[in-house]
Amino acid sequence: MNRPLVPLSQFVLKVHSRCDLACDHCYVYESADQSWHGRPLAISDEVISRTAERIAQHAASHRLGTVQVVLHGGEPLLAGPDRLRRVATELRSALTGISRLDLRIHTNGVLLDEEFCELFAEQDVRVGISIDGDRAANDRHRRYANGRSSYDQVIRAIGRLQTARFRHLYSGLLCTIDIANDPLGVYEALMRLAPPRIDFLLPHATWENPPARPPGGDEAYADWLIAIFDRWLAEGRPVQVRTFDSIISTLTGGDSLTEALGLAPAVLAVIETDGSYEQVDSLKTAFDGAPVTGLDVFGYSLDAVAQHPGILARQHGLAGLCRTCQECPVVTSCGGGLYTHRYRAATGFANPSVFCADLLKLITHVSSRLPQAAPAEQPALTHRVSDTDFRALAAGFGGPAAVAQLTDAQRSLRRVLLGAVYQAGSAAPAIPDQVKAGLQAAWTVLTDIDRQQPEAFDAAASHPYVRVWAVRCLEQLKTGEPGLAAMLGHLGAIAAVAAFRAGAQASVTVPVMAGAVHLPTLGRLLVGERDTAAVTVAGDAITIVAGDRRWDLAPSAEHGGPAGWQPVRRLRAPGICVGLEDTDPYRDCHQWRAAPRLADSELARWQRCFEDAWREIERDHPAYAPAIAAGLSALMPLSAGPPGRDISASARHAFGAVAVALPEDPVTLALLLIHEFQHVKLGAVLDIYDLYDPADGRLFHAPWREDLRPLEGLLQGTYAHLAVTDFWRARREVTAGAEAEAAGQRFVYWRDHTREAIKTLTGSGSLTPLGERFVSEMRQSVRP
Amino acid sequence: MRSTSEAAVSSVLPDVRAVPLAKMPSLGTVTLNQALARALSDSSACPVPVAAFNSAI
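As you go down the protein sequences, you meet chains A and B in turn. All the letters of the first sequence, read from the start, carry residue numbers 0 to 783 under numbering that gives the first Met the number 0. All the letters of the second sequence, read from the start, carry residue numbers 0 to 56 under numbering that gives the first Met the number 0.
One or more hints might be untrue.
Said to hold, decoys possible - Here are the simulated lysine-lysine pairs, DSSO-like style, with alpha carbons at most 30 Å apart: (1) K435(A) with K477(A); (2) K22(B) with K435(A); (3) K360(A) with K435(A); (4) K22(B) with K758(A).
It should be emphasised that the hints constitute simulated quantities derived from the structure, not laboratory data.
Given these sequences and hints, build the entire structure.
Now the structure itself:
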């Protein structure tokens, strides 16, 4: 078994170790751990540089898509704008080309002036503010050392974040619960500040230092939160409240949204101002020295931190909980509560939370208030794949019938995603009314066409990059990143295409992205730099108006049209026709860069190579051809890879699309198409079935790679190489001489690697019974 | 979905193809979340769901 390692992806960076307030509930200064006394006041340039290097190294070696860094303290604004700018620029510079940086700051807000706001706008830093309610509630704890209230300064800071210029930086409010405050008064006070999200935090406590409770108030924290939950639910969940959203998510089969609840593994490390690595901050409440790792950025990598026993202890899910928790009916939602809250001197962390009774009551209450799906609402059917086709897919093959069943499931997923984007976009407080009106207009067009001509709706919605777009929208609706309005506006473009496919009439507003109006599956029109354009569809004609210019299109024609119109062109060979997708704004979703629009001469090269490759597939690899012909709808050109290397890609969310940099010869293109379509098939299978335990965060050795892979990555690679092995076996048989010998060597290489990977999968202990069946078919398919 | 009496491997992914698009936002929460969790999943890029730091609002 390989050594388990769950990569770290969240980092709390302490940029200043002191605070300008003296809140009496602060875990940094008022709890058991007093290590702050010995820390440097501010983070040094050297620590900043080493931290950025360590994070970038870790992100690169584990291929992290996103890294979150939270600037923290003490009070981080005390570090000053120059130091914070340096932190942001060094982190961004180190992570460029490696991972997306999600940079945030958590502040008490009292120093948040225009200069800081400008800095955060420049550096794309999201701001969370601590505030405990109205003036009286906030003044209960959040005061200066001389007893003076901080309320007015905090309100002024939040006011800055509410202005149009900085609104996109406003990530939410953190409210530490004090049950002496009126819960609805606190809720109303926070709602008046129009936050995108509220986090209600239980005060830090342990069994050694239990939270304050009134006599007989064993569930007082639950009662406090329930009062707010009921109001929030009655108001239609007008704002994200992480505690409630997390409970609802986990009660309905989704993920936990907070470290304070649920069974997800902790992936966080703290870096102190002196460069020490620590475990999560809240452990300071448990005992003096509790968060210490003994490691620092100067001598140790983040891989070493990820293997620290204290970090590993919070990655065991259900197995890491005490027996009482393991047997609790709400354990999936609760997860034993915040790790720190379980601490007792005699037994360490192997206890239920000191808020156990509160969590049980709250989760049970939320569960009882969830709308139970009425029989009429609940679809009677779930997706299925015939036993024969499932076995064929598992063996690495599967024909058009198997692909058709996978395609059916994708239709369901897209419908749900479109509904979720519309619903979330319409309800998001940060989205301007004008954008919501556009969303509503597009939704009306789409739902009408879906009702009247479902095949036309499907022709537009089944474009591979529609799901990529929808997923990005939902992700950005959670984080409130800039550009969301334009992104949501793309629903108008999908609606316009559906109307065109239906031969219907429709008028929608669409965003102009990178100087173009994009109509998925049809092409793009270059209109110059504008925000939006008006699209009118009438039968098979489309009129686009941007500013004072107007274009009339007849998109049915693959060539011609007005200047600036770039239609999606098609690659054809006997028995197959796929879109050459070199215009869609959401196609660039792979680890390799999308190629720009191809010139006609490049298109001709693609056509020749594709035709020859397809002939090769049909002649020498006939078992793969029918499924590819049925399921491959878009081929996306990639920019050339590193010299001497052929590159290709697929994406889980882009069913039906394969991305390839045009290789020198058609045999290589045939191999890349077969390889990538394996990923497309397996991704769609995984959309329907659980083949492995998603909570297994370990990384595994893949024989063909230097880095370690998560279980799904290993499964995907092995499934693709099943076909690669088969490809070289066939090449060995249809070629002669040196070519056959080389093919034979490649066959043996990939066969052995695939077998070894299948053994790793089987021995992982994390395959579901269906996954074991799937991998067993894979194993039997590796022929000698 | 093919109409056949052949044995099939069942799943929990709701088949909503026959549910009008206009009704999608009002689907039952359980149905919606089950399907959404699958539609959003991509653990080959991001290994597992992880615990979100509380103070990273």
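Going down the list of hints, with the structure as the test:
1. K435(A) with K477(A): Between K435(A) and K477(A) the Cα gap is close to 17 Å, so the pair holds against 30 Å.
2. K22(B) with K435(A): Judged against 30 Å, a Cα distance of about 18 Å means the pair holds.
3. K360(A) with K435(A): violated (37 Å)
4. K22(B) with K758(A): Given that 30 Å is the threshold and the Cα spacing comes to 45 Å, the pair is violated.
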